[in-house]
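A.B. asks: Next come the chains, spelled out residue by residue.
Number of protein chains: 2
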Amino acid sequence: MSTRPLRIVVLGLGPIGRSVAKEIARAPDLRLVGAVDPAPAIAGRDLGSFLSEGSLEGMKVVPDLDALPRRRADVAVHMAASRFLQAVPHLDALIGRGLHVVSTCEEMIAASARWPRECRALDRRARKAGVAVLAAGVNPGFVMDLLPAAMSNICLEVRSVRVTRHVDTSKRRPALQAKTGAGITTAEFRRRAKRNEVGHVGLRDSLLFLMGHLPLEGDVGEERLRPIVAKRPVGKGKRRIEAGRVLGVHHSVKAESPSTGKVVATLELKMAYGLAEPFDEIRIAGDPPLHLRFEGGVSGDRATVGSVLSTIRFTDGAAPGLGG
Amino acid sequence: MSTRPLRIVVLGLGPIGRSVAKEIARAPDLRLVGAVDPAPAIAGRDLGSFLSEGSLEGMKVVPDLDALPRRRADVAVHMAASRFLQAVPHLDALIGRGLHVVSTCEEMIAASARWPRECRALDRRARKAGVAVLAAGVNPGFVMDLLPAAMSNICLEVRSVRVTRHVDTSKRRPALQAKTGAGITTAEFRRRAKRNEVGHVGLRDSLLFLMGHLPLEGDVGEERLRPIVAKRPVGKGKRRIEAGRVLGVHHSVKAESPSTGKVVATLELKMAYGLAEPFDEIRIAGDPPLHLRFEGGVSGDRATVGSVLSTIRFTDGAAPGLGG
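Residue numbers (the working numbering), protein chains in the order written: chain A, 1 to 324; chain B, 1 to 324.
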């Protein structure tokens, strides 16, 4: 690790971006040197007052990369796109500026399988620029893909894998409750689902990654998205959700053996308001069998911010190119 | 991955070595081309009949490396030493023959911290020979060290870590029951403990590895070893252990903060005959807190063999040198 602090630029000041910026400001080995967000309500604001973080006073949020002051930076944290093809031009511009990139783009986990041509081009440019482009995150990025893949390395045989994640959104940020449809009607849920405006991004990508790392063949099917509907009222006062309204989302995706047609891997994700006893669970049917459970679940927001900060530190000394 | 099978030599035909040899013989992408064991009861025997594995008939176990037929091999699996300094001359000889090495030597996990000079020399020789020297195993190697270290990467802050592993040896190989003192007197236990003839090798090494990867400072203390004694008879018939006799071992080791003196990491390992409800558990007090549990525990023997086979496959394309 180098002795001077790594100098960081952040792109995207949504809820995760704001937490990341604050944590960077507080970490003795990191230094925030710029922040970009094009949203009219954010661009131009003083970052210190926007984040209630005194140490950042005097730093203005700029609307785009070109408006950044010409201070040297080492790493850009990209938190401005969930979809890989939206992220590509951002990543390209950051590589062009000679910055390592850490991205929370959900679709990066399986990008090399889904968009091999774009990935090869990014990889080539990153190598040439001598920078690493790394994905960070916990889902996708750890609980439902990387961790079961790592566990499979201690198995002699893997017959099937099942990963289940239950998240209680009542304890999470309001943006996540909105994103999972808390309180809307099922008709509205269907409308938003058609426009990809509700639910989690990246579950099928997690399974694509996992199948690329398991000693198993499996064709990854389409993702299924259903609303979780309140059978009785949930919550109190302003935060009460009536019976019949949506509490959240239930995503699922499977992989089937091309030879036997049997299901060899299943990912199940429920994110709902008031979901009882959140947990994450990984079951590997194999030799040996493995049954792992995170009691209480892995807190998505804090763990994502944690993953971003760890990945920022990994850029120091990382091999150039598009990494995992 | 290469298209022709990797050719493997195994060194050491104890219980794990025998399982590894059998699994290599059965794996379509691996080929066993030699076996070494100096034990008078094993050297010279036909490997096929020794392992009841027809496909290995005609292959003789040789007493030392020099007696191996001059067939080309790619990887040597070293399962002949728990202590690093005993392993060094073996590793040296294998590197000298241009073989990648996968070793189950328990002390390899923290060897670079305990024996930096020897490790630098091995690393130099391995790089020069263009071979990778990799450690494999599940404890040390995964459950109590690598996995909690990997989990800490999704934490913004780690205040303390506690790992607990409970193994029921009644379901494991008799050699492990003997190694953990099942059935002996407490006086005999103390004698054997003084001669390092009882218990698990490598718990302190796991903690040294873990502390090298956590964002925490901690001085690793000495390992404590106590017998677990039967309060009432356990088991039936020939396998009955009377009250007052030893059921197994309880190892523990801690790391304390050099500034506050507080315990920042604890590893607790119980391996005992008839220990109820085996499990592995990792608790990280931090942001976010993480509480992971393997229900039923991770089967040490099968998972170690699984880890060896995965690590053999990793040698193909691995960076030369002494790796992790």
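No lab work stands behind these hints, which were simulated from the structure alone. It is possible that some hints are incorrect.
[As the list claims (entries may be wrong)] Below, in silico cross-link-like pairs of lysine-lysine (BS3-like), each with a Cα-Cα straight-line distance of 30 Å or less:
#1 A/Lys-171 - A/Lys-128
#2 A/Lys-262 - A/Lys-171
#3 B/Lys-22 - A/Lys-262
#4 A/Lys-22 - B/Lys-262
#5 A/Lys-128 - B/Lys-60
A.B. asks: Each hint: holds or not?
C.D. replies: Cross-check of the supplied hints:
A distance of roughly 44 Å separates the Cα atoms of A/Lys-171 and A/Lys-128; the hinted pair therefore is violated under the 30 Å criterion. Distance hint between A/Lys-262 and A/Lys-171 is unfulfilled; the C-alpha atoms sit about 37 Å from each other, more than 30 Å. Among the hinted pairs, B/Lys-22 with A/Lys-262 is consistent with the structure: their alpha-carbon atoms are about 28 Å apart, no more than 30 Å. Taking the CA atoms of A/Lys-22 and B/Lys-262, the gap is near 28 Å; set against the 30 Å cutoff, the hint holds.
For a cut-off of 30 Å, the pair hint linking A/Lys-128 to B/Lys-60 is broken: about 52 Å separates their Cα positions.
The structure does not agree with the numbered hints 1, 2, 5 stated previously, though it agrees with the rest.
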